[in-house]
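Peer 1: Chain by chain, the residues:
There are 2 protein chains.
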Amino acid sequence: MKKTQYVVSCLSALALAGGAFLLFPSLALSDNDDQALIAKANALFKPLPASSALENTELTPSRVALGKALFFETRVSSDGRLGCATCHNPAYHGADSLALTTGINGKVLARNAPTVFNTSLLIAQHYGGNRATVEEQAYKALLSPVAYGNTSNEQVETKLTQLGYLPLFKAAYPADAKPVNVDNWGKAIGAYERTLLTPAPFDKFLQGDAQALSRPAKLGLEKFINTGCAGCHNGVTVGGQSYQKFGITQDYWLVTGSTPKDAFKGYDKGRFHDTKDEADAFIFKVPQLRNVAVTPPFFHDGSVASLPQAVRVMAQLQLGKQLSDEDVSHIVSFLESLTGDIPADFSNVPKLPSAPH
Amino acid sequence: MKKTQYVVSCLSALALAGGAFLLFPSLALSDNDDQALIAKANALFKPLPASSALENTELTPSRVALGKALFFETRVSSDGRLGCATCHNPAYHGADSLALTTGINGKVLARNAPTVFNTSLLIAQHYGGNRATVEEQAYKALLSPVAYGNTSNEQVETKLTQLGYLPLFKAAYPADAKPVNVDNWGKAIGAYERTLLTPAPFDKFLQGDAQALSRPAKLGLEKFINTGCAGCHNGVTVGGQSYQKFGITQDYWLVTGSTPKDAFKGYDKGRFHDTKDEADAFIFKVPQLRNVAVTPPFFHDGSVASLPQAVRVMAQLQLGKQLSDEDVSHIVSFLESLTGDIPADFSNVPKLPSAPH
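Those sequence lines, one after another, are chains A and B.
Take 0 as the starting number for the first sequence in numbering that gives the first Met the number 0 and just add one per residue.
Take 0 as the starting number for the second sequence in numbering that gives the first Met the number 0 and just add one per residue.
Calculated directly from the structure, the hints in this document are not laboratory data.
All values reported here derive from a predicted model rather than from experimental measurement.
Hints are not guaranteed to be accurate.
A pair counts as met if it fits within one copy or between any two copies, since identical chains are not told apart.
Stated by the list, open to error - Straight-line C-alpha distance at most 35 Å; calculated DSBU-like pairs for lysine-lysine:
1. K268 to K106
2. K139 to K177
3. K275 to K320
4. K320 to K158
5. K264 to K45
6. K350 to K268
7. K350 to K244
8. K169 to K350
9. K177 to K45
10. K203 to K106
11. K260 to K203
12. K106 to K260
13. K139 to K275
14. K260 to K244
15. K350 to K106
16. K106 to K244
17. K350 to K260
18. K350 to K39
19. K39 to K158
20. K45 to K203
21. K139 to K106
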C-alpha cells in the first residue's frame with residue numbers, strides 16, 4: 000500500500016467512524032466534554048448536603064419523630080381533615096397533584112402546593128417568600144384561616160394535649176417547662192422537614208460521575224445553561240435561592256392561561272400581596288427544580304400541566320426564546336435527572352398518639 | 000396432731016390462701032378457668048383466617064399492587080383530593096378519627112367512617128349494609144355524588160388511562176380486552192382490602208394461649224359474654240355478622256346525644272333509608288369490634304368519643320343494664336385485646352403512576 004493510499008484509507012476509516020458517531024450519538028460526548036460539563040455545572044449548582052439542620056439546632060431522633068407525627072396529624076385542623084401531608088403527600092412526591100391546593104372545608108386556595116422535599120434549603124417559604132423558614136411556615140399555618148383554621152395558640156395546645164402528645168413533646172424538648180406549644184410545633188415539623196432531602200442522579204454527576212446522566216440529559220444541561228435558565232435556576236436546589244419577576248417579555252397569563260383569583264382581586268402579583276410595594280408586583284420566589292418532573296402541574300397556580308410546555312413557556316416568558324422540540328426534549332431529560340428517591344421514612348405513615356380512654 | 004386440728008389448720012391455710020387470692024388477683028383465674036374461658040370463647044368467636052379471598056378469586060400480587068395504588072389515589076375524585084385512604088388512613092388505624100366523615104369539596108357526611116381493617120369479612124358494607132362486598136362498595140363510591148363525585152364510568156376510565164394506569168390494569172387483568180374499567184377498579188381495591196386483616200392478642204387466646212390476655216381482659220371477656228354483648232358481637236369480627244336495632248330500651252339519641260341529620264331528614268334510621276320499609280327503622284349492621292379501642296369516636300355518627308362511655312351506652316340501650324365502673328374497665332381491657340397490628344404494607348404509601356410528559 001502506498002503512503003497516499005494509506006492516508007486515504009485512514010481518512011475513509013475516520014469518515015466511517017464519523018458515520019458511526021452519528022449513528023451512535025451516545026458516543027458523541029468525549030470524556031473531556033463530560034469533564035468540562037461537570038466543571039461548568041459545579042460553578043452553577045451544588046450537590047445536596049447531608050443535612051439542612053439550622054445552626055445550633057440538633058435534629059434529634061425525638062424531635063424528628065415528633066415532627067413526623069405532627070406532619071401526618073389531621074386532628075389539629077379545624078375540620079379534622081387537614082395536615083401537612085394532605086398537601087405534601089408521599090403518593091405525589093411530597094406535593095398533591097392539584098393545580099390549586101385546598102385548605103380546610105374543601106376550600107380551593109389560590110396557589111399550587113410545591114413539594115416539601117428539599118424546601119428547607121430554599122431562601123424562604125411560599126411563592127411570595129413571606130415565611131422565612133420551614134419552622135415559621137409550619138407554626139403560622141396553624142392560625143391561618145385557609146390552612147388549619149385555628150383561632151388561638153391555646154386552642155392548638157389544648158388539642159395537642161388532649162390527643163396525647165405531651166410525652167412526645169416532653170421527649171423532644173425536655174428543657175421546656177411547658178413543652179406543648181406552637182413554637183415547638185414549628186420546630187419539630189421543621190426538624191422533620193430538614194431530613195426530607197432527595198439526592199438525585201444530578202448530584203452524582205456534580206460529584207464527578209459522568210455516567211450518572213444520560214446523553215440527552217447532558218445535552219439538556221448544556222442547553223439549560225446556554226439558554227440562560229441557570230441565571231435564576233441555580234444553586235443547591237436549582238432555583239429557590241432568589242426572587243424574580245414572572246413574565247419578563249409579556250404578562251405571564253397570556254402564555255400560561257392563568258386566570259384571575261378572588262384572593263388577589265385579579266391576577267396573582269406575587270410578593271406584592273405581602274409587601275404592597277408596586278416594585279414587588281409579579282415578583283415570585285424562583286421555584287426550585289428538584290423533583291419538578293414528578294410534581295406536575297407547574298407554576299404558582301398549576302396553570303400548565305405538561306413539563307415540555309412549562310419549559311417552552313419559561314424560555315419565552317423569561318428569556319424571549321423559542322426552543323426547538325429537540326431542545327425542549329433534552330432539557331426535560333436534564334430535569335428528570337433532578338428527580339430524587341422519596342425518602343423511605345416519608346412514605347411510612349406513623350401511628351399517631353391517641354388520647355387515653 | 001389430732002384429725003380435727005388438722006382439718007382446722009387446713010381450713011385456716013385455705014382461708015390464708017383465700018386472702019392471698021384477694022391480695023394477688025392475678026392468680027385468681029386457675030388454669031382450669033382459663034381453659035373453660037377459651038372453650039366458651041371459641042363457641043362464640045373465631046380467630047381471623049389467613050385470607051379473606053373470595054372463592055375462585057386469586058389475590059395475585061399484581062391485583063393487590065394495583066388495588067393498593069388505587070386505594071391511595073386521589074386524582075380520580077372530582078375535587079382531586081379524595082381517595083379510599085382519605086377516610087381509611089394508616090395514621091388512624093384505617094379510619095379517620097372524625098365523628099362524621101367528609102366527602103369531596105369538604106362536605107361533611109352523615110355517618111362515621113369505620114376502619115377498613117377486616118371489613119372484607121363483614122356480612123355487608125356501610126352501616127346500613129347497602130353494599131354486599133368491599134368490591135361493590137369500592138366501585139359504587141366512584142359515582143356517588145358525596146364520595147368521588149364522578150358522573151360516568153367512562154369519565155373514571157379516561158382519568159385512569161390518562162394518569163398512566165393502563166400497564167397496572169393490564170398486569171392485573173391480562174385476560175380482559177379493555178382492562179381499565181370500574182369493575183376492575185372494584186375488584187383490585189377489594190383484592191387489596193382482603194389482605195388488610197389484623198390478628199390481635201384475642202386470636203392467640205382463641206387458639207389456646209391463655210397468657211395472650213391480661214387478667215382484666217379475661218374478666219372483661221367473661222363479663223362481655225355474661226352481660227349479653229356477645230349476642231350480637233360475635234363471630235370472626237366480634238360483630239359485623241348481623242343486623243340489629245340500635246336503641247332497644249329507648250331511642251338511641253337520648254343516650255348518645257346524636258343529632259338529626261339533613262341527609263336523613265331527621266334521626267338516622269339505618270337500613271330504613273335504603274329499603275324504605277318501616278320494619279327496618281333503626282336497624283343497623285352490628286359494627287365489628289376488632290380495633291374498636293383505637294378507632295374512636297364510636298357509633299354510626301361518632302356521637303360518643305369515650306370507649307368506656309360507649310360500653311355503658313350499649314349496655315343500657317341494648318340490654319337494659321347498668322354496668323359498674325369495674326365491669327366497664329374490664330370490658331374495655333377485653334376490647335383492647337382486639338387491637339391488631341396495622342398491616343406493615345398498609346402504612347407504606349405507594350408511589351403512584353404519573354402520566355408521561
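Peer 1: For a quick check of understanding: which of the numbered hints are violated here, in increasing order?
Peer 2: 5, 9, 10, 11 and 19
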